[in-house]
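In this note's numbering, the protein residues as written are 1 to 353.
Among the hints, erroneous ones may be present.
[To be verified] Each computed DMTMM-like pair below joins lysine to aspartate or glutamate, with the alpha-carbon atoms no more than 20 Å apart:
{"no.": "1", "residue 1": "138", "residue 2": "314"}
{"no.": "2", "residue 1": "321", "residue 2": "65"}
{"no.": "3", "residue 1": "329", "residue 2": "308"}
{"no.": "4", "residue 1": "321", "residue 2": "309"}
{"no.": "5", "residue 1": "145", "residue 2": "42"}
{"no.": "6", "residue 1": "268", "residue 2": "65"}
{"no.": "7", "residue 1": "321", "residue 2": "310"}
{"no.": "8", "residue 1": "139", "residue 2": "308"}
{"no.": "9", "residue 1": "139", "residue 2": "16"}
{"no.": "10", "residue 1": "329", "residue 2": "309"}
{"no.": "11", "residue 1": "145", "residue 2": "310"}
{"no.": "12", "residue 1": "306", "residue 2": "65"}
{"no.": "13", "residue 1": "329", "residue 2": "140"}
{"no.": "14", "residue 1": "322", "residue 2": "105"}
{"no.": "15", "residue 1": "240", "residue 2": "65"}
{"no.": "16", "residue 1": "321", "residue 2": "144"}
{"no.": "17", "residue 1": "322", "residue 2": "309"}
{"no.": "18", "residue 1": "321", "residue 2": "305"}
{"no.": "19", "residue 1": "322", "residue 2": "233"}
{"no.": "20", "residue 1": "139", "residue 2": "314"}
{"no.": "21", "residue 1": "193", "residue 2": "16"}
{"no.": "22", "residue 1": "321", "residue 2": "148"}
{"no.": "23", "residue 1": "313", "residue 2": "65"}
{"no.": "24", "residue 1": "322", "residue 2": "42"}
{"no.": "25", "residue 1": "329", "residue 2": "314"}
{"no.": "26", "residue 1": "138", "residue 2": "42"}
{"no.": "27", "residue 1": "145", "residue 2": "309"}
{"no.": "28", "residue 1": "138", "residue 2": "148"}
{"no.": "29", "residue 1": "69", "residue 2": "154"}
{"no.": "30", "residue 1": "322", "residue 2": "310"}
{"no.": "31", "residue 1": "313", "residue 2": "140"}
{"no.": "32", "residue 1": "312", "residue 2": "148"}
{"no.": "33", "residue 1": "138", "residue 2": "16"}
{"no.": "34", "residue 1": "312", "residue 2": "144"}
{"no.": "35", "residue 1": "139", "residue 2": "154"}
{"no.": "36", "residue 1": "322", "residue 2": "308"}
{"no.": "37", "residue 1": "322", "residue 2": "144"}
{"no.": "38", "residue 1": "138", "residue 2": "309"}
{"no.": "39", "residue 1": "139", "residue 2": "305"}
Simulated from the structure, these hints should not be mistaken for laboratory data. Owing to the predicted nature of the structure, the values given are computational and were not obtained by experimental measurement.
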Amino acid sequence: PYYSVIGGWVIKYLIEYFAGHSKTLAGDAYFTTFISNGWSTEICFIIFTLFTLGIIYAGVRNGIERVSKFMMPILIVLSLIIAVYSVTRPGAIEGVKYFLVPNFDHFSWMTVVSAMGQMFYSLSIAMGILITFGSYMKKDTSIEKSTENVEIFDTAIAIMAGLMIIPAVFAFSGGNAETLKSGPALMFITIPKVFANMGFGTAIGVVFFLLVLFAAVTSSIALTESAVSTFEDELHWSRKKSTVFMGMVMLLLGTLSCLGYGPLANFKILGMQFLDFFDFITNSVMMPIAAIATCLLVSKVVGVDKIEEEIKKDGQAFRRKKIFCFMIKYLCPLFAAIILISSVANAFGIITM
1 PYYSVIGGWV IKYLIEYFAG HSKTLAGDAY FTTFISNGWS TEICFIIFTL FTLGIIYAGV
61 RNGIERVSKF MMPILIVLSL IIAVYSVTRP GAIEGVKYFL VPNFDHFSWM TVVSAMGQMF
121 YSLSIAMGIL ITFGSYMKKD TSIEKSTENV EIFDTAIAIM AGLMIIPAVF AFSGGNAETL
181 KSGPALMFIT IPKVFANMGF GTAIGVVFFL LVLFAAVTSS IALTESAVST FEDELHWSRK
241 KSTVFMGMVM LLLGTLSCLG YGPLANFKIL GMQFLDFFDF ITNSVMMPIA AIATCLLVSK
301 VVGVDKIEEE IKKDGQAFRR KKIFCFMIKY LCPLFAAIIL ISSVANAFGI ITM
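Please build the complete structure, drawing on both the sequences and the hints.
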């Protein structure tokens, strides 16, 4: 339910920007007041969830493919617009330097571990997404070329995202790096303050949160499709039945997450609100475990020879076989284990990341 709840928040902010309430959104207590009103967040969450389920229900070709072809180019264009606007603000060049110029004084192994954890989000690792959409690929599609495209576009979009946010926030804060801490506070508190103090702040706010909404929708679609596809393949359910069942699960867990900052604020698991707990258990525990299990499945059960056979179906050689074998057998399981242990230790206050 994580993307759906956050997606609901984005819808609320987008509506407010369309209404011209940029100054209201920049208020110190606006975000806290909003998420504390569980029913307001619930309505926005339901809208986002139903939109996602509608696309999934329409199927791969009529729903997911059409929406992706429409949203992805627009997402890139909007990213370029905001990135250019951000880096041209007065004082933004210092933010660009802060973002792109290495500062080894701040380097630590915990930074490396945090970066490794970010890969799960960025590359959709251990979520079932790559397996699901990989099964939809045509037989003559080059897997290695597709991998190269992911590497290029993922890195480019990540850099563009940094240029969208960091220079503008850096200029607004006068170089205070504390304002750049990740999480909901950056997107829903700091950035609205930045936009409110900019020229064309309302217009840029509309463009920015529209971009974030598109990103959230595409991510939510991918995650939901993975589950729906699994129900279809393993339980032989129809797409309608699978989508309805998945929708019920999303609404149940999402409702707990929405109300967790409001009416259910006193109910906590391991000292966390429902949304924070679901975020922790999926991203910090389940995904690293799934990654380790996948490495073992591929290297020990399926075997690298079978992987090579699939890759060679397009008539090309498996150029990365040696590095793939080394990573899938040794490096990836080790990194996933480090991420798992570090994340759990951080959650229980043993270490600080």
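Failing hints, ascending? Hints 2, 5, 6, 9, 12, 13, 14, 19, 23, 24, 25, 26, 33, 35 not satisfied by this model.
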